[in-house]
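Novice: Chain by chain, the residues run as shown.
2 protein chains.
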Amino acid sequence: MWSVLGTIAAICTTVGFLPQLIRGIKTKELNDVSPAMLTLMLVGCSLWLAYGIHLQDLIIALANGLTLLLVVAILTLRFLYKTTNAKGVARN
Amino acid sequence: MWSVLGTIAAICTTVGFLPQLIRGIKTKELNDVSPAMLTLMLVGCSLWLAYGIHLQDLIIALANGLTLLLVVAILTLRFLYKTTNAKGVARN
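Sequence order for the protein chains is A and B. Per the working numbering, residue 1048 is the first one in the first sequence, and the count goes up by one each step. Per the working numbering, residue 1048 is the first one in the second sequence, and the count goes up by one each step.
Misleading hints may appear alongside valid ones.
Where chains are identical, the list cannot tell them apart; a pair therefore holds if satisfied intra-copy or between any two copies.
Claimed, not checked - Distance condition first, Cα-Cα at most 25 Å in a straight line; then the derived SDA-like pairs of lysine to any residue:
1. Lys1129 with Ile1106
2. Lys1075 with Leu1115
3. Lys1129 with Leu1102
4. Lys1129 with Asp1079
5. Lys1073 with Leu1127
6. Lys1073 with Val1062
7. Lys1075 with Ala1057
8. Lys1075 with Ala1133
9. Lys1075 with Leu1116
10. Lys1129 with Asp1104
11. Lys1073 with Val1051
12. Lys1129 with Leu1068
13. Lys1075 with His1101
Simulated from the structure, these hints should not be mistaken for laboratory data. Remember, it's a predicted structure, so these values are computed and weren't measured experimentally.
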């Protein structure tokens, strides 16, 4: 029972950034998402990935590799939207 | 060396939501932050916290307890700002 609970916990925190990515793609707005948060997650997941590879722990490596991809995608979109929006109509 | 790297990784992913909370308090805007992401993180961190307490692992429990507090604070502020903004001037 506890291992099932641990697995559900890991899935939730791993795919947690997926709805953020989907929302960003739909609304084309990611301005309120903190770039400092994304950068901390980028550094954190990269180090977790390296740590997982070092430990040869497939779960740690895969989970953090996936989260890293999502965070990189959100950071890239945020940068692209910021650039596009700045070129458009002046906004509040 | 690897344990230091693991520790830095854990700190980054644990305090990752702190800049998001600070940004939210400063800008009073959290609309672009996905509520589905926050909910997944809420469920994930709660289960990790329970799992950490079950394993009597202080690190897992403390790290996820802290992240949980940050996520709850961001979710609460997002709800409050949404309500306040809806009462104010009509917005795009």
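Novice: Run every hint past the structure and note whether it holds.
Specialist: Hints, verified against the model:
Taking identical chains as interchangeable, the C-alpha atoms of lysine 1129 and isoleucine 1106 are never at most 25 Å apart, the minima being 35 Å within one chain and 38 Å between chains. Proximity of lysine 1075 to leucine 1115 under the C-alpha cut-off of 25 Å is restricted to the intra-copy arrangement: shortest distance 21 Å within a copy versus 28 Å between copies. In this assembly of identical chains, lysine 1129 and leucine 1102 lie within 25 Å of each other by CA distance neither inside one copy nor across copies; the values are 38 Å within and 44 Å between. For the homomeric pair lysine 1129 and aspartate 1079, the shortest alpha-carbon distances inside one copy (11 Å) and between copies (13 Å) are both at most 25 Å.
In this assembly of identical chains, lysine 1073 and leucine 1127 lie within 25 Å of each other by CA distance both inside one copy and across copies; the values are 14 Å within and 23 Å between. Taking the closest pair of Cα atoms, lysine 1073 and valine 1062 come within 25 Å of each other only inside a single copy of the chain (18 Å); across copies the shortest separation is 28 Å, beyond that limit. For the homomeric pair lysine 1075 and alanine 1057, neither the shortest alpha-carbon distance inside one copy (28 Å) nor that between copies (31 Å) is at most 25 Å. Taking identical chains as interchangeable, the C-alpha atoms of lysine 1075 and alanine 1133 lie at most 25 Å apart whether they share a chain (13 Å) or sit on different chains (21 Å).
Taking identical chains as interchangeable, the C-alpha atoms of lysine 1075 and leucine 1116 lie at most 25 Å apart only when both belong to the same chain, with a minimum of 19 Å there against 28 Å between chains. For a Cα distance limit of 25 Å, the shortest separation of lysine 1129 from aspartate 1104 qualifies neither inside one copy, at 37 Å, nor across copies, at 42 Å. When the C-alpha separation of lysine 1073 and valine 1051 is checked against a cutoff of 25 Å, the pair qualifies neither within a copy, at 33 Å, nor between copies, at 39 Å. Taking the closest pair of Cα atoms, lysine 1129 and leucine 1068 come within 25 Å of each other both inside a single copy (15 Å) and across two copies (21 Å).
Proximity of lysine 1075 to histidine 1101 under the C-alpha cut-off of 25 Å is found in neither arrangement, the shortest distances being 37 Å within a copy and 42 Å between copies.
Checked against the numbered hints given earlier, the structure breaks hints 1, 3, 7, 10, 11 and 13 and satisfies all the rest.
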